[in-house]
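**Student:** Single-letter residue listing:
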Amino acid sequence: MDMAKKIAVTTTLNGEESIFLCEPRQTLLEALRDNLGLIGSKEGCGNGNCGACNVLLDGVLVNSCLVLAPEVEGRDVVTIEGIAQDGELHPLQQKFLEHASLQCGICTPGFIVSAKALLDDNPAPSEHDVRLWLAGNLCRCTGYDKIVRAVLDVAEGDS
Amino acid sequence: MQAIDFVAPTSVDEAISALAAGSGMARPLSGGTDLIAQLQEGRLALDTVVDLKRIPELMAISINSDGLTLGASVSCHSINNNQAIRDAYPALIDSTHLIGGTQIQGRASLGGNLCNSSPAADSIPNLIAHSVTCHIAGPNGRRTVPVEEFCTAPGRNVLENGEFLVALEFPAPPANFGAAYLRFIPRNEMDIAVVGAGASVVLSDDGGTIQSARVSIGAVAPTPLFVQEAGDALAGQPVSEETLAKAADLARDAARPISDMRGTIPQRKHLSGVLTQRALRIAIDRARGTKTVDELGRLNGHG
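Protein sequences appear in the order of chains P and D. With our numbering, letter number 92 in the first sequence gets 92, and the count goes up by one each step, no holes. With our numbering, letter number 10 in the second sequence gets 10, and the count goes up by one each step, no holes.
Among the hints, a few may not be true.
Claimed, not checked - Calculated cross-link-like contacts (lysine-lysine; reagent style DSSO-like; alpha-carbon spacing at most 30 Å):
#1 P:Lys5 to D:Lys53
#2 D:Lys269 to D:Lys246
#3 P:Lys6 to D:Lys53
Since the hints were derived computationally from the structure, they do not count as laboratory data.
All chains, full assembly: derive it from the sequences and hints.
**Tutor:** Here it is, written out as structure tokens:
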């Protein structure tokens with residue numbers, strides 16, 4: 001591999017200013033996991049099909065595997081590590097536990113981040129809204145039903 | 001793995017310089033949903049990524065009585081959440097709601113979908129139905145190209161080395177205008193079109209006559225097809241199933257698909273007619289003001 005010139009990127013990461021070094025071709029997912037040690041975001045497919053790496057970029061849901069790390073200069077990034085607040089699980093995390101909405105757990109961070117983006121956008125979604133919004137998150141342990149129930153439980157709790 | 005450079009210019013002129021620098025292997029980046037995936041898979045040779053999203057013109061949404069000018073890098077998410085676009089160009093949302101899932105729509109742009117130039121791109125038949133003009137910038141200045149002339153082959157288009165798409169210009173919708181995009185996929189969501197069809201109509205004031213129409217079909221040829229003869233056959237005709245069936249026949253005749261893992265030649269020919277007729281019906285309903293975006297969403301499986 002050629003020696004790549006590293007770029008210093010300043011970003012707001014889970015609410016705190018963060019500066020990290022990355023190579024220009026590194027994805028945000030790689031920078032989060034390999035450079036910043038935030039390994040909650042998972043690489044499932046690495047090409048935008050599975051949603052396991054989903055993060056919020058300026059509040060918008062994106063696949064972090066399809067963002068180049070230098071792109072987030074000056075932007076606001078929220079990962080699964082930023083979902084719980086003050087040591088308390090987010091209601092989505094709590095309901096995922098209660099409904100046993102996970103088996104192997106690889107897809108779970110992506111589902112939680114996606115579901116949070118949904119509820120931020122639409123606090124009272126229908127089951128169809130939930131299923132459509134989460135269509136880009138794949139679970140190969142086939143836990144969709146319990147995932148949808150957990151999200152709806154939080155949504156109902158909010159309304 | 002080859003090291004690359006990353007630059008994020010803040011003006012069109014800076015971007016032109018950045019794309020011209022180096023060994024001619026610089027590539028523009030918008031949402032990255034095609035480019036970064038190709039880069040990661042080693043399918044794309046480049047030495048510099050030029051991120052266009054810091055250029056205000058590429059990210060601008062300008063809508064007024066002259067029409068809509070949409071920056072080439074504006075995401076589907078931004079379009080879906082723009083009430084002025086939803087009101088004036090509801091059919092555009094047919095495409096921006098279909099391209100990938102929620103997180104892809106957070107990044108993917110119509111400009112990127114067009115420049116990726118897939119024959120099955122979900123936005124292009126819709127852009128053709130809307131008579132969009134492409135604004136291009138490059139080392140030799142600016143030029144415009146009608147969207148139906150933009151794609152030249154699978155993955156290829158009229159952009160010359162160093163050129164990039166700046167904006168898509170939509171004419172103001174005339175009175176009694178309606179459009180629609182429909183696609184067929186064997187799944188409910190998250191798939192590539194087996195066939196797609198975009199259609200638009202301008203009706204007479206009483207809603208009974210088609211004054212003009214445009215039809216475009218996707219995934220049935222090396223590029224999205226503008227089926228001008230189908231629109232021409234509708235002009236001046238009364239709104240009737242018989243009239244629409246004639247246009248559907250012309251779309252089916254224009255389709256020259258291949259058989260592949262997604263569909264066969266006969267299936268795609270058949271779908272070209274069916275989807276054209278259905279898209280025209282919805283376009284007519286919208287022109288008469290009787291069908292909302294959300295109702296159409298159900299037709300596209302979004303219930």
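**Student:** Run every hint past the structure and note whether it holds.
**Tutor:** Status of each hint after checking the structure:
{"no.": "1", "hint": "P:Lys5 to D:Lys53", "verdict": "holds (22 Å)"}
{"no.": "2", "hint": "D:Lys269 to D:Lys246", "verdict": "holds (14 Å)"}
{"no.": "3", "hint": "P:Lys6 to D:Lys53", "verdict": "holds (21 Å)"}
Consistency with the previously given hints is maintained throughout, with no hint failing.
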